[in-house]
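Using the UniProt record's numbering, the letters of the sequence shown correspond one by one to residues 1 to 238.
No lab work stands behind these hints, which were simulated from the structure alone.
Check the hints yourself; a few may be wrong.
What the hints assert, rightly or not - Restraint ranges, calculated between C-beta atoms of paired labels, are given here:
hint, residue 1, residue 2, range
1, R128, N53, 21 to 29 Å
2, A216, R40, 24 to 32 Å
3, A85, A55, 40 to 48 Å
Predicted model, so just to flag it, every value in this text is computed and none were measured.
We treat Cβ as the ideally placed atom computed from N, Cα and C, and that holds for glycine.
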Amino acid sequence: MSSISLSPTDHVFVLTGAGISAESGLPTFRASDGLWAGHRVEDVCTPEALSENPALVWEFYSQRRAQGSTANPNPAHVALAQLEAKLGDRFFLCTQNVDDLHERAGSQRLVHMHGELAKSRCEDDCGRPPVPDTAVYKSLDEVPRCACGARLRPHIVFFGEIPLEMDRIQREIDRATVMVVIGTSGSVYPAANFVNWARHNGARTIYIGPERPLNAQAFTTIVEGKAGEVMPGLFHVE
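Whole structure, please, built from the sequences with the hints as guidance.
Dropping the structure here:
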């Protein structure tokens, strides 16, 4: 495919999903059998699961931390960091992923709307900010306590919880003239609606992934292929 041109006035909003991390060897959110790394999502990724069985929740996310530490950014992560370096504050990245592959590739202007695997926060939401935490805990007794006394929990947005930084995300969508969606099927809300919001504002909408998304009709351009193969050199900054 020929390159996609970006003008000197374009503001680019990028949304990434599990597909871009899958190309680095990390499993996607749900397998075909409906399980996530061998667990029902309801058992490891809901507020109820944390309340009823915090040991299992922490075991699951400790395993994910161990797994994530072995993965490396792929060419798509690097290409996005390079695009940001060219566009400066006209670039914004929102990821649904909880890994740190974007940061390790060099991205800086980004938010993790579903939280970050390498951080923990107060289980009681006492107001203290999340803290860096990459430990792989072998038991619940090892999990540290917040300064308020409550146990820490993974800094992950569970099902039923509100995604993070939605006000900032909305502001960035409102000023975007180009929206690029990479590796997300269009089935998880509210992220699946971002392209519709941008399209309503007149933005060009571009999808990149190995297969057509569920919301394909919302895109002005669809680039089928692995992000790590098509992203390098795809965008030409004028």
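Is 24 to 32 Å right for how far apart the beta carbons of A216 and R40 are? 29 Å, holds
A85 and A55, beta-carbon distance inside 40 to 48 Å? Because 43 Å falls inside the window, the suggested range holds.
Within 21 to 29 Å: is that where the Cβ-Cβ distance between R128 and N53 falls? 24 Å, holds
The earlier numbered hints are all upheld by this structure, with none contradicted.
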